[in-house]
Amino acid sequence: MTGATQKSYYWIGFRTGLPFLLVVVPFGLLFGVVATEAGFTSIQTMAFSSVVFAGAAQFAALQLMAEDAPFLIIVATALAVNLRMAMYSASLSVWLGKAPLWKRALIAYVNVDQSYAVSINRYEDEPDLTLSQRVRFFFGAVSPVCPMWIVATGLGIWVGDTIPDWMALDFAVPICFLAIIAPMMRTLAHMISAVTSIVLALALSGLPYNLGLLVAAAVAMIVGAQVEVMMNRRKTT
Amino acid sequence: MINDMSAGYIWTIIIVLGIGTYLIRFSFLGLIGGKDLPEWALRHLRYTAVAVLPGLVAPLVLWPAANGGEIEPARLSAALVTFAVGLLTRNVIAAITLGGATLFGMIWLLGAY
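So the sequence lines, in the order shown, correspond to chains A and B. Following the working numbering, the numbering of the first sequence begins with -1 at its first residue and continues without gaps. Following the working numbering, the numbering of the second sequence begins with 52 at its first residue and continues without gaps.
Take these hints with a grain of salt, some might be off.
[To be verified] Quick list of simulated restraints, FRET-style, between CB atoms: (1) A145/B / I41/A: 31 to 37 Å; (2) P162/A / E90/B: 47 to 53 Å; (3) A117/B / D123/A: 42 to 48 Å; (4) A58/B / M228/A: 45 to 51 Å; (5) E122/A / W62/B: 36 to 42 Å; (6) E65/A / P89/B: 32 to 38 Å; (7) T63/B / E122/A: 25 to 31 Å; (8) A117/B / W100/A: 44 to 50 Å; (9) T234/A / A117/B: 45 to 51 Å; (10) W62/B / M228/A: 42 to 48 Å; (11) P124/B / L200/A: 32 to 38 Å; (12) M228/A / G156/B: 39 to 45 Å; (13) L153/A / A58/B: 22 to 28 Å.
No lab work stands behind these hints: they were computed from the structure. For clarity, every value in this text was computed on a predicted model and none was experimentally measured. Glycine included, C-beta positions come from ideal geometry on N, C-alpha and C.
Put together the whole structure using the sequences plus the hints.
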């Protein structure tokens, strides 16, 4: 691929990002359906998907709003779901930090799990890429996915009312979350962190203002990091 | 439900989450040259998603509101299948498909609707 022109790196990125439509379209569709069901207007639902642009956090916020959680808890929990993107931002900045500010500002807006993952893999596989090739690859990878996230949300609003009871739509959100979480269980530290989160969230579910989840998440994060440190120590000794 | 929330309240949540999420995404890309985060901070950030999402899902799986907050076999088995398939195949679509099939299969078997 070293002989590829500037333009073709956009298309290489595009082809790499294309399969993610299979995840993004059903997920966006579902968000449109569930948000409408919960009482959002069409404009609010579309704005949510285009302004926040982060499926998992949107579902988390929606769930807490439906449970009547207080404002600060809704915001803190949804932003906690998105904190992983600070890590994406830090690791992308190593490769893209010298791009012009407006490009970095745009990259930040459209950066989602999938585009981050394929871009970092590519940059690490081909460290000799020029800055402009890296930027083009990134925008190529997000091009199929990002517009379709919004389009799929719109479709979900449109089909929302026609979905019958037996489809048990209430359970679509947990199934989506579980399907996203399971492949994240890469190491023992991830598993112990997840188990900590589950046990504490259930045990603390009686706390007022849905505080239990935030406490569970904070402890689970620290536990995961500590297990990682312990495992690395064992490896080196 | 959300029906009794004012439009202004919903818009405030959308805008605050939009700005907050953008600032998180822009954070380090925005710093010129891209300074490295300290290792301890990266180590904690690696676990944010697995620390928040399982705790959010667990009560929805065990105590589904659609069943008055009681354990419900169709939903519980669908959750277990989704997680197991996702763990074994690392494939999100396969996990959703088989989990959904389990849910509908069990609902049909149990004649829940």
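Going down the list of hints, with the structure as the test:
1. Checked against the hint of 31 to 37 Å, the pair A145/B and I41/A passes, with Cβ atoms roughly 35 Å apart.
2. At about 52 Å, the beta-carbon gap between P162/A and E90/B stays in the expected band of 47 to 53 Å.
3. About 46 Å separates the C-beta atoms of A117/B and D123/A, a value consistent with the hinted range of 42 to 48 Å.
4. About 50 Å separates the C-beta atoms of A58/B and M228/A, a value consistent with the hinted range of 45 to 51 Å.
5. For E122/A and W62/B, the Cβ-Cβ distance of about 41 Å falls inside the hinted range of 36 to 42 Å, so the restraint holds.
6. For the pair E65/A and P89/B, the supplied restraint of 32 to 38 Å holds, since their beta-carbon distance comes to about 36 Å.
7. Hint check: T63/B to E122/A, Cβ distance near 40 Å, so the stated range 25 to 31 Å is violated.
8. Range check, A117/B to W100/A: Cβ separation about 47 Å, and the 44 to 50 Å hint holds.
9. Hint check: T234/A to A117/B, Cβ distance near 50 Å, so the stated range 45 to 51 Å holds.
10. At about 46 Å, the CB distance of W62/B to M228/A agrees with the hint of 42 to 48 Å.
11. In this structure, P124/B and L200/A break the distance hint of 32 to 38 Å, their C-beta atoms being roughly 19 Å apart.
12. Checking the proposed 39 to 45 Å range against M228/A and G156/B shows it holds: the Cβ atoms sit about 42 Å from each other.
13. With their beta carbons about 23 Å apart, L153/A and A58/B fall inside the hinted range of 22 to 28 Å.
When the structure is compared with the earlier hints, violations turn up for hints 7, 11 and for no others.
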